[in-house]
Amino acid sequence: MSQLELRDIRKTYTGALDETLKGINIDIASGEFLTLVGPSGCGKSTLMNSIAGLESITGGSIVVNGRDISGMEPKDRDIAMVFQSYALYPTMSVRENIAFGLKIRGMPKEEIRQEVERVADLLQISPLLDKKPARLSGGQQQRVAMGRALARRPKIYLFDEPLSNLDAKLRVEMRTEIKKLHQRLRTTIVYVTHDQIEAMTLADRIAVLKDGELQQLGTPKEVYDTPENLFVASFMGSPSMSFIEVAIERSEAGLSVTVEGSDGRTLALPVPAYLESWAGKRVVLGIRPEHISQPDDQKTDHPMVTSGRFKVEVTEPTGPDVLAVIRLNDTDVQCRLDAEHPVNWGEEADLMFDMRKVVFFDPESEKRIRPQ
Amino acid sequence: MTDVIRTGFRPSRIAIYGVLLLACLVYLIPLIVMLITSFKTPMDIRTGNLLALPTDWTVVGWTKAWSEACTGVQCNGVSGYFWNSFKMTVPAVLISTLLGAFNGYVLSKWKFKGSDLMFGMLLFGCFVPFQVVLLPMAATLGKLGLANTTAGLVLVHVIYGVAFTTLFFRNYYVAIPDALVKAARLDGAGFFTIFFRILLPMSTPIFMVSLIWQFTQIWNDFLFGVVFASGDSQPITVALNNLVNTSTGVKEYNVDMAAAMIAALPTLVVYIVAGKYFIRGLTAGSVKG
Chain P
1 MSQLELRDIR
11 KTYTGALDET
21 LKGINIDIAS
31 GEFLTLVGPS
41 GCGKSTLMNS
51 IAGLESITGG
61 SIVVNGRDIS
71 GMEPKDRDIA
81 MVFQSYALYP
91 TMSVRENIAF
101 GLKIRGMPKE
111 EIRQEVERVA
121 DLLQISPLLD
131 KKPARLSGGQ
141 QQRVAMGRAL
151 ARRPKIYLFD
161 EPLSNLDAKL
171 RVEMRTEIKK
181 LHQRLRTTIV
191 YVTHDQIEAM
201 TLADRIAVLK
211 DGELQQLGTP
221 KEVYDTPENL
231 FVASFMGSPS
241 MSFIEVAIER
251 SEAGLSVTVE
261 GSDGRTLALP
271 VPAYLESWAG
281 KRVVLGIRPE
291 HISQPDDQKT
301 DHPMVTSGRF
311 KVEVTEPTGP
321 DVLAVIRLND
331 TDVQCRLDAE
341 HPVNWGEEAD
351 LMFDMRKVVF
361 FDPESEKRIR
371 PQ
Chain G
1 MTDVIRTGFR
11 PSRIAIYGVL
21 LLACLVYLIP
31 LIVMLITSFK
41 TPMDIRTGNL
51 LALPTDWTVV
61 GWTKAWSEAC
71 TGVQCNGVSG
81 YFWNSFKMTV
91 PAVLISTLLG
101 AFNGYVLSKW
111 KFKGSDLMFG
121 MLLFGCFVPF
131 QVVLLPMAAT
141 LGKLGLANTT
151 AGLVLVHVIY
161 GVAFTTLFFR
171 NYYVAIPDAL
181 VKAARLDGAG
191 FFTIFFRILL
201 PMSTPIFMVS
211 LIWQFTQIWN
221 DFLFGVVFAS
231 GDSQPITVAL
241 NNLVNTSTGV
251 KEYNVDMAAA
261 MIAALPTLVV
271 YIVAGKYFIR
281 GLTAGSVKG
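Protein chains in written order, with the working numbering: chain P, 1 to 372; chain G, 1 to 289.
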């Protein structure tokens, strides 16, 4: 059980002009599952390597249980890491792979044997112990890599995109297993991924990074429902949020914005009262696909829900639902429609806009406009 | 049906195999001539055809070449020089290969400022002609007190070989993912543990490449042998030259040929034993590197 604090972590590679990490501050509670997510090149792997001690930092400190470990060698930090490429030692058997770290730390033979068996049981890899990594499937190698990390019972586990080399089906299975494992062991985990679904499903909290800066830190729900800025909003969620440039209008009925379909027909959408000070100004409306659907009688009575008729440009059936694209204010907007009531592309459909969960952004700063 | 296909294929197949067979023969004829000549009597050689099989098979040429033939003033055969070559080649091959492996490890997995430049400069070593270093090397060996000794020859070959072996190992290790080294570091392994426990056990193919390459180079070297060794410490290549050039009485081609075969055998054996790794190691390095 270990708590990890990242205090103002900075990193500039020698010869580089820009900082790779520009002052990252994250507190990770004991037993917490934190995912670092962001596009490639955002610095998430650098941050991970810095925590492990594989790369030095140029500023800030890394504190574990109140003790600054920033200057320590990787082997003294008591941190284990699972790599994207698994990084199993190819000349050693699975048993030797798991035992390697224990052997180097001088654990007695009998204890090593017990520990290897405990881990093998936990991950159900006992029958594989005497095989070489090359003879294992991708999923099995992944388990062994996790076993190697678990065997040492380190203070903190780091996962560096551990599932990205697996095929889609196996990835989902292993994702569930990692989650189960965490729920059982309640270990502190920092998990790097570029897959936002992985981030959403696994994490207690998500840290979204871009260009070496922390964009938002929060629970999956917070990050999904109330993204701090346009980047987080577009990065989290698949298919992603649609952004429509609109002007806030004031009328007797309250505040609203007007959207125009591809055939010139317009619809006024109600917006919440906290946008009062933005009346007459332009904002960016962020609307997720699930906020536009076929009319549902139970919801249409709500004052923040309204309906209109729009031409469907493209449909993409996914199985449980159909993703449709409509054009509003010359922008493609995704809608999530019921698969049981098919809509054909090129035809018009009645669509219900649920404005209760939409978000608004300042077009200048790209930050979300918060309710006062 | 099958007949049609067969007749359609026959001429081109015959042509292909014919050409291949011819190429094979061209390459093998010198070896065949050497082999059959070494088993002939001098009389047979003078009167018979070059390509004809011996009328009387005899190993006299071989025994004479091994223990009686004259190399200059001494007439003890090439056996002593054969062992000289081993005493020079085995340590030189092993030392240069191990040093190369170590250099390759550092230059690929523990890069430091200027390490790529250093590797680039080391590569120049592959292109320096032997003749260029003869004089400075002679002076150096003299100062070290290693002139005319086997140890001196070993040193020369190690220095010359390290450029090649480093190139081999560095390119091999570059293809091995860095994550492996990172994982080992987190497991608590240090610089040397990672080298000896993780990387070296993975190096069999490239080890074989380095071994064969270095063995062939060093065993077959003549120039360094003739310049930096004298008398009793000379390698077999120099002895062979002396044997062939010693002219007392009738030229004994069977002895010359047998001696040449003896000089060539070890490299052949090494290639046959480790050859399958050679191709594997070379392609593994080139495809990924």
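If you're looking for bench data, these hints aren't it; they were derived computationally from the structure. Source: prediction; values computed, not measured. Beta carbons: idealized from backbone N, C-alpha and C, even for Gly. Some hints could be false.
[As the list claims (entries may be wrong)] Cβ pair distances, simulated, as ranges:
1. P:Lys132 to G:Asp116: 28 to 38 Å
2. P:Asp27 to G:Phe196: 34 to 44 Å
3. G:Leu35 to P:Ser164: 53 to 63 Å
Hints and how they fare:
1. P:Lys132 to G:Asp116: 28 to 38 Å: 33 Å, holds
2. P:Asp27 to G:Phe196: 34 to 44 Å: Holds, since Asp27 (chain P) and Phe196 (chain G) (Cβ atoms, about 41 Å apart) stay within the stated range.
3. G:Leu35 to P:Ser164: 53 to 63 Å: 59 Å, holds
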